[in-house]
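So the sequences go chain by chain: A and B.
Per my numbering, the first sequence starts with residue 1, numbered consecutively.
Per my numbering, the second sequence starts with residue 1, numbered consecutively.
Rather than coming from a laboratory, the hints here were simulated on the basis of the structure.
Zero decoy hints are in this set.
Covered stretches of chain A, as calculated for chain B (at least 3 residues, CB under 8 Å):
(1) 7-13
(2) 40-50
(3) 85-92
Covered by chain B, per the in silico footprint, the following chain A stretches (three or more residues, Cβ under 8 Å):
(4) 25-34
(5) 59-71
Quick caveat: nothing in here was measured; it's all calculated off a predicted structure.
Glycine included, every Cβ here is placed at the ideal spot set by N, Cα and C.
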Amino acid sequence: MSIDKDTVMRIARLSRIAMEEDALEPMAQELNGILAWVEQLGEVDTEGVEPMTGAIAATLPQRDDDAEAGTATDDLLANAPEADDGFFVVPKVVE
Amino acid sequence: MSDLTALTIADARAGLAAREFSARELTDAHIAAVETGRDLNAFVAETFDAARTAADAADQRLATGEGRLLEGIPLAVKDLFCTRGVRSQACSRILDGFEPPYESTVTANLWDAGALMLGKTNMDEFAMGSANVTSADGPVINPWRRRGEDKPLVPGGSSGGSAAAVAAGLCLGATGTDTGGSIRQPGAFCGIVGMKPTYGRCSRWGMIAFASSLDQAGPLTRTVEDAALMLQAMAGHDPKDSTSIDRPVPDYAASLTGDVRDITIGVPAEYRMDGMPAEIEALWAEGVDWFRDAGAKVVDISLPLTKYALPTYYIVAPAEASSNLARYDGVRYGLRVEGDDPTEMYARTRAAGFGREVRRRILIGTYVLSAGYYDAYYLKAQKVRTLIARDFESAFETVDAVLTPTAPFAAFAIGEKMDDPIAMYLNDVFTVPASLAGLPAISVPAGLTGDGLPLGLHLIARPFDEPTLFRAAGVLESAAGFSHRPDRSGAGGAA
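Could you build the full structure based on these sequences and the hints that come with them?
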């Protein structure tokens, strides 16, 4: 499997990372280098092996479903690049 | 270096308890060391006023005999931990100016034990790197240099600032985080102890996430005993992290008995890597002799999947990173680059905010998780990860700890290994397997290269068997008798 410029453009779009046209080809080559190297995993027989999804076998703990005081709005908004009247501000979404 | 910055945490505790010096004096000595050591670029934020206030409070407690485990001990904190009101950016531009309104559990535990913070330390951006060269705050200089050379060397990474600060005597200990070797490899490169506990031993709450199934906090210190003391305070169950384990924290320092006659050490054949310097091979063999001389049983073992650990890691970790780093959208915190609509604003913000290595890993992670490639890459890697963990489970049926080198080479010059990502990834070839299996592991400084750079030996133990890990590491430390110090320190300039 090999990555071309179009694929880089597609995954950059999925990743929400803007890329200049002339950066696509070099990135494709870098990613292909890494993917060619990880291809060696194909040598390992994993027939019937369960995927490992966490570092330790543990059941997810459950807490009591009690209401807690949330974080204060001012704290939440303190780091926002733009906030107004208790809200985060984003560029216009709907025309 | 003044005497106070040359102390171990254990010595400093004794000196404080005996009132030989005050916490304020200890803290002021370290503040002076940080100031003169600024050329190392180990710190990205200094919190001296808060440190002095905390030191005075510690002195009051010590005066009334109420000193806690780390009362008055000056530490440094990796920039990856959220610290209330103090910049916490994982050394990324995308978190420009972020000052969390909350404190990470691990650092809160340290402050509850009486420790105090001198500042935040430099690191590879989002902990993605092995040389501290991906930091948006610039590279860190290793206080060690090759004998007779002035060329600045990397401290390792990603916890490079923490490791350099501890090695240079700028703090008594520092927190690090380890995803694939980010505590242990810089520990080895800087001639200090770096310890990664079992996954789940320390809470990840308030740690800026990289790869959630791998990330784990741990201490960087100058001795094994100091690592045991720091972990004692850091570890523990936290309901706010669902992967944190609810089991008692044993007395780690008490496990340092110096007696390993009942322990079996395994030496895995697969860690003999082509092209590894002969002096690392020789140090490893010496480590085997040290354990035999101490009365431990040493046996050869096989961990057949070892060579597949690194490629497995470079699928699993970027996949998790691409998901974790999706939160940086220019809306809630950090950098924002304006755009005509939200999608354009996200894309411009993320292009400007993430460095090259982080962008590369997000793209790889997105690719291996995308439709059509998920099974071939991500699912396959997760299955190989299962087999790697089984390798260790089988080994631990007959051995109590595994002994390997920490890294396949010593510290290298800033700028080397930059052209080929895979050459840089090889830094972690010996540390990544234990990360994938979630096992506790430690790097202990054990010798020098021919040109005078520190080398580490690495021990891996069973899940939650930190006591055996510390016990074996203590014996390794005593046998190695590593007392070398870097030629650059908080005193500044060459010795």
